[in-house]
Amino acid sequence: MGLLKHLERDFPIIDSDFQRFCASHGILSDCFDFTQFHLILALAIYPHAVEDFLFHDLYVLAAFAEAQSTSERLKQGITQVLTIIDGQHQTWFNGMELLENHQRRKRVLRTGCVGLDLLLEGGLCQGQLTELVGPSSSGKTQVCLQAASNVAKDIGGVVFIDTGNSVSPKRIVHLVNNILDPTPGEAKNRMFERIMRCILCHSVFNIFSLFNVLHELEANLRLQSEEARVQLIIIDSISSLITPILGSGSHGHALMISVGILLKKLANEYDIAVLVTNHMVGRDGGTLKPALGDSWKSIPNVRLLLSRVSGDNKCSMSIIKHPSVCARKQKMR
Amino acid sequence: MEINTLPISASTRGKLISTGYTSLSSLSSISPSRLAQDLRIQESEAVEILKVASVNCGVGNSDGTRAIVAGAQTAWDMLHEEEFARRITTSCEEFDQILGGGISLKEVTEFGGVPGIGKTQMGIQLAVNVQIPVDYGGLGGKAIYIDTEGSFMVERALQIAEACVEDLLDNGPARKDFRASQPNLSAKNLLRDIFYFRVCSYTEQIALVNYLEKFISEHKEVKAIIVDSVTFHFRQDFQDMALRTRLLSNMALKLMQLAKKFNLAVVLMNQVTTKYCDGSFRLTLALGDSWSHTCTNRVILYWEGNERYAYMDKSPSLPSASAPYAVTSKGIRSSASNCKRIKLMQA
Amino acid sequence: MANKFISQMNLPKSVSNVFAARNIITAKDALSLTEFELMELLDVGFPEVASAVKHISELASPPYQTVLLLLEQRYESEHLGGHLPTCLRGLDEALCGGIPFGALTELVGPAGIGKTQFCLKLSLLASLPARYGGLNGHVIYIDVESKFTSKRLLEIGACSFPEIFQMDGMAKEMAGRILVLRPVSLSQLTESLEQVKVAMLKNQVKLLVIDSMAALISGSLAEFSRIPVIVTNQVRSQSRVATCQYSFQEKDKTVGDPERFNSHLVAALGNNWAHAVTIRLVLEASSGQRFIKIAKSPISPALAFPFIITSAGILLQDNDGIEVMGPQLNSISCAGNGDFIDFNNQKLQ
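Chains as they are written, first to last, in this note's numbering: chain G, 1 to 333; chain R, 334 to 680; chain X, 681 to 1029.
Isolated chain G (complex conformation):
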């Protein structure tokens, strides 16, 4: 019942009287604070709770209310609660609005890897979760670093969440120098410093600290100023955090899905592109498959497979899954 109490502070109309009234009709009152996503989950858990309220015949409810001494206040209460529920929902979009939202707010970030940008028809989409899959030393981290430096140069903030101590500032310097105007000068130095300052690195070594960082990020993203806005979140590699928790129990899987959902939520609500890496493991018979299994497969919007031609320094890349581009292959260095 805690949450109704919480509401009482903001909306005096929902007083204890009203709470009692609701309870007497078998309406669990603590479900009003759900956001859209939680509403759905809550429905799955207590199908009766929210439904009870929403599908309760409002006239009948009102009639009951009339019978009470404080009928006017109760009716107001009902209206108020319905408004709150409406407010908790995100507004419904139609296709046109979605398209407009997409065109106005979601940008396509160039990664600076020519092959990758060609393959993805521009680069990483904001609002989408992109996953790189590949065996060891296939260039996953290189793509991440390249994308980080390029996005930092073109637009702005990058958050790099690192699980393998693999962010090498020297390598970033090298990459940044490659994309910057070669003539040295004051302007270049300032540009260089700005780029380096835009890339924010954080080391994370277990799944719970990843959640900490993401929740903190979420809290702070609301307050961020427009010019230093975070454009790209990179997690290299998400699989090394998740592998130790995928055991016999189901909670590990639940956490894995939670990471995915949280990342997609951040991507969608704050217009961020998210890039994660996943490694490959051997299956019986020597073929390789991505480490996080079938339940992870459905989470990323875009999946790219990197592979290294043996004995050659070239890497190739292909699309496993993409909402709008058909499967293709591309060489890259």
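Just so you know, these hints were derived from the structure itself, not from any lab.
All of these numbers come straight from a predicted model, not from anything done at the bench.
Just so it is clear, CB atoms sit at the ideal spot from N, CA and C, and this is done for glycine as well.
Just so you know, not all the hints are guaranteed correct.
Stated by the list, open to error - Okay, derived cross-link-like pairs now, DSS-like style, lysine-lysine, Cα gap no bigger than 25 Å in a straight line: (1) X:684 / R:587; (2) X:734 / R:384; (3) G:314 / G:264; (4) R:594 / G:170; (5) X:734 / X:684; (6) R:594 / X:734.
Stated by the list, open to error - Chain R is nowhere near these chain X residues, computed Cβ spacing over 12 Å in every case: (7) 691; (8) 693; (9) 791; (10) 810; (11) 832; (12) 843; (13) 844; (14) 846; (15) 849; (16) 851; (17) 859; (18) 879; (19) 966; (20) 968; (21) 996; (22) 997.
Unchecked claim - Derived CB-CB ranges, DEER-like: (23) R:640 / X:986: 17 to 27 Å; (24) R:344 / G:265: 24 to 34 Å; (25) R:344 / G:297: 27 to 37 Å.
With chain G's structure known, arrange chains R and X on it following the hints.
Same frame as chain G, now just chains R and X:
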């Protein structure tokens, strides 16, 4: 459900969900007593839950600092930090070159190769070299040597330490007075500052990695952890490969954390195995594909004709390259300087 | 260390009860699971699990020693600086004094090359009284292939150390100190190794020889008792196709020399085993000459010494040794081995 992501026990999680607390924000402004009452638990437990939850939703960072994530570093700051970072030399110039100047601190570097290629030698050499004083361009740190195979030879460590001291005195800033002011530079002192752990089972290995955090916080000078080899026990006692993968990746993350937190180098030795792929048997490092992702750098030691070579197989910052090296009576050296070898044979 | 009981670790009562209730009794049980799994299994929050695991780990992890201390201990407490001299001067020098204590030394070589001869000689040396340069102890000789003959043992003894073996009763005492076990199956071998563990505590066992099989348990035995352990290993031929390279190495270089690989031999127990031994001595024959080769050792450079087998056992012909490089180290050649079949003549004289 956001509550899922909190590091709390399953039963507490169940209680929270069944009473309707499913989002972090629902916990952000509730009093412990109220929560205790709702969940029918002790108030002290409720306080714990709220503490965990408040850490998670990033409350407490409201002082208007610009950092979007506490504890994060910009690449700019990291670059400046790295400018002052020194590396651990391998005593072989060519080898150092492919490593970008030596074994880097804050990273986990893995060496692998066939038996007899010189992995243990490399381990002992690094344990000695990490102690080269700052005046001589070293780190002046201490080393932890974790021996799982029982192949560590004290006599050999003594040889390498003596050779190291000798080389330093010969090549270092060779003013007489300076040398006199370095009374600590002796093979004995070098050996004294290697902490040797003998590990006899994988349980001990895991226990030790867990314990190292405390050990190192008591011995802050430690700048290198050498595990020779990380593979041995994990290759023997396991039936459940999925469990092995989980334990190994968990251990790797902890080593990673140690490397970062205490600014030290972690060096792991790995064995080789043969693997069937593309119609032929190939040598690869042991412990499987999952493990191959966990280290920051991976160096393979191999024979090429009559010379030992090192190959940089994986690195986030350096290109793949190979270089020759030699194992001499003085330890790891450049393959060109073979003169000491002859000396030993005459002795 | 790993089998310590959690209940005796002074954890808070509530925590240790939770562990006990889930049948997690020893440190090994607890550490074989990740913290996350423990959290699920024990139904306890992550911070509590993490601190409990830290506590358990601290008590279960082995103690450390500085290498200096280790060195001093070795020189103080161990006879001959912790080495069993082989009485082959060149080899002893290269190995810093002989076969090291507390380590697993492996002899690899084709049949008839002299592995057993070497083992017999070492057994004798270990059992000799200290004033003759021996270890004055008992020897356990696990003889899997029934190749041990007391007659040959005494012969080697009489020829190499005539002064001792001519003394009354000495020969008998020496031979009596060597205990021969003959297991017929692997399970028996493991069993007898377990027995050896007990026997070693009771007697003054100074050397363990296993001719010619290998079990991983012997590695830990070596350190447990700080005596040298000798294991012999046979060879098998390996076809050229199976020679392995890393994927980044170019293939074509090896194709040029097919002859070399025709008689390519490798140690019968593969790479995995090779990682487990500390010192590997390869006995091989090439172009009419037998060589003993230090193929793997953390102390010594890779050297090969020519040797002959006489009635006094193995003798080195050259104490300087020849440096061996490259993949030769792990290959075992047996070319010209046929010439040596008649070496028995000498022995039978």
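**Item:** Consistency of beta-carbon spacing, residue 297 of chain G to residue 344 of chain R, with hint 27 to 37 Å
**Value:** Holds, at about 31 Å.
**Item:** Consistency of the no-contact label for residue 997 of chain X, given chain R and a CB cut of 12 Å
**Value:** The assertion about residue 997 of chain X holds, with a minimum of 16 Å to chain R.
**Request:** Measuring Cβ to Cβ, find out whether residue 810 of chain X lies farther than 12 Å from everything in chain R.
**Result:** Consistent with the label, residue 810 of chain X stays out of reach of chain R, its closest Cβ about 21 Å off (over 12 Å).
**Prompt:** Once the closest CB in chain R is found, is it more than 12 Å from residue 966 of chain X?
**Reply:** Check passes; 16 Å lies beyond 12 Å.
**Prompt:** Does the claim that residue 851 of chain X lies outside the interface with chain R hold up, using a Cβ gap greater than 12 Å?
**Reply:** Since the minimum Cβ distance to chain R is about 34 Å, residue 851 of chain X lies beyond 12 Å and the statement holds.
**Asked** Per the stated criterion, does the least C-beta distance between residue 859 of chain X and chain R lie above 12 Å, as a non-interface residue requires?
**Response** Nearest chain R Cβ is 24 Å from residue 859 of chain X, so the label holds.
**Item:** Straight-line alpha-carbon gap residue 594 of chain R to residue 170 of chain G, limit 25 Å
**Value:** holds (20 Å)
**Prompt:** Would the least Cβ to Cβ distance between residue 849 of chain X and chain R come out above 12 Å?
**Reply:** With a cut-off of 12 Å, residue 849 of chain X remains clear of chain R, as the shortest Cβ separation is near 38 Å.
**Request:** Say whether it holds or is violated: residue 693 of chain X keeps its Cβ farther than 12 Å from all Cβ of chain R.
**Result:** About 16 Å separates residue 693 of chain X from the closest Cβ of chain R, which puts it past 12 Å; holds.
**Message:** Checking a non-interface call: every C-beta of chain R should be farther than 12 Å from the C-beta of residue 846 of chain X. Is that right?
**Reply:** Correct as stated: the minimum Cβ-Cβ distance to chain R is 36 Å, above 12 Å.
**Request:** Assess, step by step, whether the Cα of residue 594 of chain R is no farther than 25 Å from the Cα of residue 734 of chain X, and give holds or violated.
**Result:** holds (17 Å)
**Asked** For residue 832 of chain X, which was marked as not at the interface, is the minimum beta-carbon distance to chain R over 12 Å?
**Response** At about 31 Å from chain R, residue 832 of chain X clears the 12 Å cut-off, so the statement holds.
Hint 3 from the list above is the single one not met by this structure.
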